[in-house]
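This is what each chain is made of:
6 protein chains.
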Amino acid sequence: MSFIQVINPNTNLSITKTIDQVVRSTITSGTKILVVCAKQGVPSIEGHFDEAVATIGVLEQIKNGEKKGIDGHIIACFGDPGLLAARELVRAPVIGIAEAAMHTATLIAKRFSIIGTLSRNLSIAKSLLQQYGFSNHCTAMHSIELPVLALTEDKSGSAREKIRQCCIKVKNKDKSGAIILGCSGMALLAQELTKELDLPVIDGVSAAVKILEGLLGLGLTTSKHVDFDFPLKKSLTGIFENLN
Amino acid sequence: MSFIQVINPNTNLSITKTIDQVVRSTITSGTKILVVCAKQGVPSIEGHFDEAVATIGVLEQIKNGEKKGIDGHIIACFGDPGLLAARELVRAPVIGIAEAAMHTATLIAKRFSIIGTLSRNLSIAKSLLQQYGFSNHCTAMHSIELPVLALTEDKSGSAREKIRQCCIKVKNKDKSGAIILGCSGMALLAQELTKELDLPVIDGVSAAVKILEGLLGLGLTTSKHVDFDFPLKKSLTGIFENLN
Amino acid sequence: MSFIQVINPNTNLSITKTIDQVVRSTITSGTKILVVCAKQGVPSIEGHFDEAVATIGVLEQIKNGEKKGIDGHIIACFGDPGLLAARELVRAPVIGIAEAAMHTATLIAKRFSIIGTLSRNLSIAKSLLQQYGFSNHCTAMHSIELPVLALTEDKSGSAREKIRQCCIKVKNKDKSGAIILGCSGMALLAQELTKELDLPVIDGVSAAVKILEGLLGLGLTTSKHVDFDFPLKKSLTGIFENLN
Amino acid sequence: MSFIQVINPNTNLSITKTIDQVVRSTITSGTKILVVCAKQGVPSIEGHFDEAVATIGVLEQIKNGEKKGIDGHIIACFGDPGLLAARELVRAPVIGIAEAAMHTATLIAKRFSIIGTLSRNLSIAKSLLQQYGFSNHCTAMHSIELPVLALTEDKSGSAREKIRQCCIKVKNKDKSGAIILGCSGMALLAQELTKELDLPVIDGVSAAVKILEGLLGLGLTTSKHVDFDFPLKKSLTGIFENLN
Amino acid sequence: MSFIQVINPNTNLSITKTIDQVVRSTITSGTKILVVCAKQGVPSIEGHFDEAVATIGVLEQIKNGEKKGIDGHIIACFGDPGLLAARELVRAPVIGIAEAAMHTATLIAKRFSIIGTLSRNLSIAKSLLQQYGFSNHCTAMHSIELPVLALTEDKSGSAREKIRQCCIKVKNKDKSGAIILGCSGMALLAQELTKELDLPVIDGVSAAVKILEGLLGLGLTTSKHVDFDFPLKKSLTGIFENLN
Amino acid sequence: MSFIQVINPNTNLSITKTIDQVVRSTITSGTKILVVCAKQGVPSIEGHFDEAVATIGVLEQIKNGEKKGIDGHIIACFGDPGLLAARELVRAPVIGIAEAAMHTATLIAKRFSIIGTLSRNLSIAKSLLQQYGFSNHCTAMHSIELPVLALTEDKSGSAREKIRQCCIKVKNKDKSGAIILGCSGMALLAQELTKELDLPVIDGVSAAVKILEGLLGLGLTTSKHVDFDFPLKKSLTGIFENLN
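Protein chains in written order, with my numbering: chain A, 61 to 304; chain B, 61 to 304; chain C, 61 to 304; chain D, 61 to 304; chain E, 61 to 304; chain F, 61 to 304.
Incorrect hints may have been included.
Note that the list lumps identical chains together, so a pair holds whenever it fits in one copy or between two copies.
[As the list claims (entries may be wrong)] With a straight-line Cα cutoff of 30 Å, these simulated DSS-like cross-link-like pairs (lysine-lysine) come out:
1. Lys92 x Lys127
2. Lys215 x Lys128
3. Lys123 x Lys77
4. Lys293 x Lys99
5. Lys128 x Lys284
6. Lys127 x Lys215
These are calculated hints, taken from the structure and not from any lab test.
Extracted from the complex, chain A is given alone in its bound form (with noise of 0.2 Å):
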């Protein structure tokens, strides 16, 4: 039986809830499932600096996953923030939710379209659409101008009717064949605006899960050759004794 560990990059509860219902509505029988957030870092994640913060926080998660005996991690944030630290530290198979997302989005539609919260956090998406190969799959970015935690504290609906909207017009007017939710804390949405708009719209947490679930069941690993080898031995110091 596989052991999977689901990290929220942001310290969030009800983000990490969120992923939490996702991840047990997804996961197969077989698969124990754990899903935590950061120890200390930031509520939400919008920038590259709250990307670096969080950065840490994953990597601690993923140290303490490893001597649980985690099989495999998931990044839960849509800008993979650590990813390829995180391949590096354990061999266990590290998916973060863009790439989950992206990949799974190529393989049911020539060209898709993100929606995200704010400019700043898409133009994050750009360059992991470059750095994975796929800035010529992508149609368009849209954002609702919307921080992250809009999303969890959205009691009168209006933040998800502003992605509901959003998406009926990437229907109409991208041509694109799906629509990607750049942030976890939209993937309760998905199987729903899937239905109603008779398209398929992706959540990367969903989607994470299983690309994961497929790697352990191929008994592939992160290749520990070259480019996410070990990190070499060296003595952390400060506040990153923890991370030894």
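Model the placement of chains B, C, D, E and F on the given structure of chain A, informed by the hints.
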């Protein structure tokens, strides 16, 4: 219980048997499997002409499969012949094994190398790298310069040894973190080479099975919006009548 | 005296007649011409599935043409179906009309726009741009959202007017120096639109004729070294026996 | 009857004679020809400075040619000096021989190699590949490290033999289907090397003649919309007065 | 004390004066400055033909400058005419103002927009973006559709206001962090627009001065190895004799 | 008088001293300098994990520097760790040394090679090339396969000799006009190697100083519009409290 069809685009029973063996050792309990080969066409696929012919055989089996209630299809030849056409034909997701291997490799290594049969086939793989977005992730492509059937009739093990030597060379020279075996006829070698080399050696057939199981688990199907919409209704004539 | 075969990949006689008209007004004295359509297959080509079927019809006519002593072939559908396979099949040069139009446009303008039938066909044209190297030369692609056959049955002239209006819009907005008509069914409009707009409006059929005449004049044939080498000898079965 | 001018951008009569020989053996009956060289400038072109000087000589001849009723121009130096400026200056189409060779090569082979004189010239060719869109079609560039004039004063045939040996190496190593001779001074070797190697060896001069004859046959001229519009009227001073 | 020459490639004294003003307000104490314009050529530069002519004027001044002991050169026209040729001609570093503006923009913003004079000039800027590597950093290019001289004869301030309005539009729509003024004639506006918009508006002239002062401070000169090696010695004839 | 802070992202005092030496020999009179290293973290940086840790140390010093009135920052490790996050954190410009070296190299040579420590670090440099836009300008990357600390403890001079030999090989083989030393620990070698090889050997530390002095001279600061806007105010917890 999901029902997957794996289509060997050529008519070669020996390769079909290899594929069958790999698939059966890969599927998750709860997945029903059907491995078929093209009913007519070419005994092996080396080049664009062979692919063009094989594509029709693939589409026939996609159509047959649909009648049988297939939930997802795999095209088990490294050139992914007919992949885009098949995605139009049915709503069920369709995965190619080159695509699957390349996606998988980028999730556990930054860079990969491909080992293929003939140079002309690698030139097709090069186009796929560009189409899928992975040109920058592929460090090098190496051909063993043996036709596909040399793999199925390899009683002396010399083809196998050639592949093994090529893998060793890749590990020492290419700075690639993973190796992709660029022919379904090589699929059975992936696991043992992974162990011997201590570096992921990826076979697209098993990779495709896992990706497809994942998509089915997510309830995602090929987008019918714009690019992969069903073919417009029109009457096919002549030898294509069975595709109506 | 060189002998050129122009193949309409679909079975539509009306489009074949249009192609024939364009070709006859284009050939240089000293070129013998044969215009044929696929003997079997699809009446029009919209999408990858149609292309896959049409490809076989193209290859049959390539093979037939070879027996008749054809010196060079043109594939007269804007998706260039079967182009790479055809190049393997014979030594005689083979030119696609999308390819021809794109090459020609870049020789008289820095940037061009494409006007096509349906969005799904333009998504195929986009792949060709990437394959041929002209992605950066194409400013925009516009679809009139009419199926191919609306062009051949255009008694009211409304399709023609839609194309004309689209050309005017391109000239005013796209900063493109040339326009490519993205369907052989539009071929007859190129000359009059060029005059009206005072900007080159390019039809791939006539462009392909000239390119092919040029190659024949140079004595150049498709390279049989590596990528386009003849298909390896193998016995084709079933409906493909006539391709043996 | 169309009237083509071929401009050797340098002042070297020996190269001009080579070009003249190639052109005369290439033109179709019905094409009138004028081969000229720059009236002033550099005796051979190696690098950007030489190109800058040669460009003026080219533009002078373009202007002169226009007065003589020239229908189309060819710039017969592999760096295509002055090509874009010349396209502004006249409505008649203008073709560069590097451009012509590269376009032609991609129509009969997937990939080509270039054999040039000096490394610094190949670095210019590399920019042209990027500008024209063919970077991915060029497998390798090889310099024989001889200046241009070594080709015209090759009594011993040693330059010719160096080129021949380089072609053989390309065929055995590069996986390229075609070879481009990257200097007009090599033009006469193309046909014999094509025969000896059984692989297309392309000379840009003859390729340009055929492309230009084709454009003239189509009645296509350089687009005057936006990018290649005529130079704005302004008074040139000093040594440029003859360009007014 | 380093000695910098700034070359206005056109013969316009008004633009030269603008450049002079910008340069003098930018240089560091310890830098001696010489601002010149082409002695002959075109009064303004719009398009490739104008650039070809201006290039010779630039090269003459580069050569003159060398005799005067100039340590570094700036080419002060946004198309960077003659830049690569000038780098061959002397060992002293040479910087173009388009190049300088683009480099500078990417150091303080992820993405920039360019505001230019005519569309045909922006098409040249687009090639420079590709050549320098910054295509992905440029969000959009906007032309005010006024010729260069409208900037120098802008008594009513209407050209200035057009540029200002365009900047405001960029800030509101383009998601660009910086704006590049794409003409040396706009150079004086950069500082005030930066202040008004609270977003960096970059002028290439001052940017080039600082880059060049930096290179001189590092003791770095143009590499003479391979690509920018000195022109091979050859006798220039006719109007180019002064370049010998 | 401008005040620059140079941050060594690792905690190694020997490398910090090297950087200090280089910086002091580079600054212009009128620039005040502060060279610091990370207060906590890793003693050397080899790979993504080390970079993630070092990034926090960089951000702490950026924040400290701001309190001290620093006008501009340099991140003196060749992977440019924390560069984008630092640009969000303050308005003062921030320059990375890889960025600085690459920008500088393209201004004096068409193509450059990079000499680095370990292959895994060069794979990070490869991503930077893509991010900054210089992939096409880099001919080759060579690693000496020594860890960073071998450079600081190089009493025998064997590391230095390895670098020198590698430079000689680059000059003879790569057709690169310049060499970039890909580690701040190599910075002191640049000048002497430039002299010995008669080809620019570029060290990013000094290059960054000059670029930063230039930006400060222009009065340009990091754009706060969209991408690099200040981090949204949120309360950092745990070990990150000092970053609040």
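>> At most 30 Å between CA atoms: does that hold for lysine 92 and lysine 127 within a copy, between copies, both, or neither?
In response: within (15 Å within a copy, 36 Å between copies)
>> Regarding lysine 127 and lysine 215, is the shortest C-alpha distance of 30 Å or less found within a copy, between copies, in both, or in neither?
In response: Neither: 39 Å inside a copy, 40 Å across copies.
> 30 Å Cα cut-off: does lysine 128 pair with lysine 284 within a copy, between copies, both or neither?
Replying inline: Classified as within; 21 Å inside a copy, 43 Å across copies.
> Between the shortest in-copy and the shortest cross-copy C-alpha distance, which are at most 30 Å for lysine 215 and lysine 128: within, between, both, or neither?
Replying inline: neither (37 Å within a copy, 44 Å between copies)
>> I want to check one pair: lysine 123 and lysine 77. Are their C-alpha atoms no more than 30 Å apart within a copy, between two copies, both, or neither?
In response: Classified as within: same-chain Cα gap 22 Å, cross-chain 33 Å, threshold 30 Å.
> Can you tell me if lysine 293 and lysine 99 fall within 30 Å by alpha carbon in one copy, between copies, both or neither?
Replying inline: both (24 Å within a copy, 19 Å between copies)
The structure does not agree with the numbered hints 2, 6 stated previously, though it agrees with the rest.
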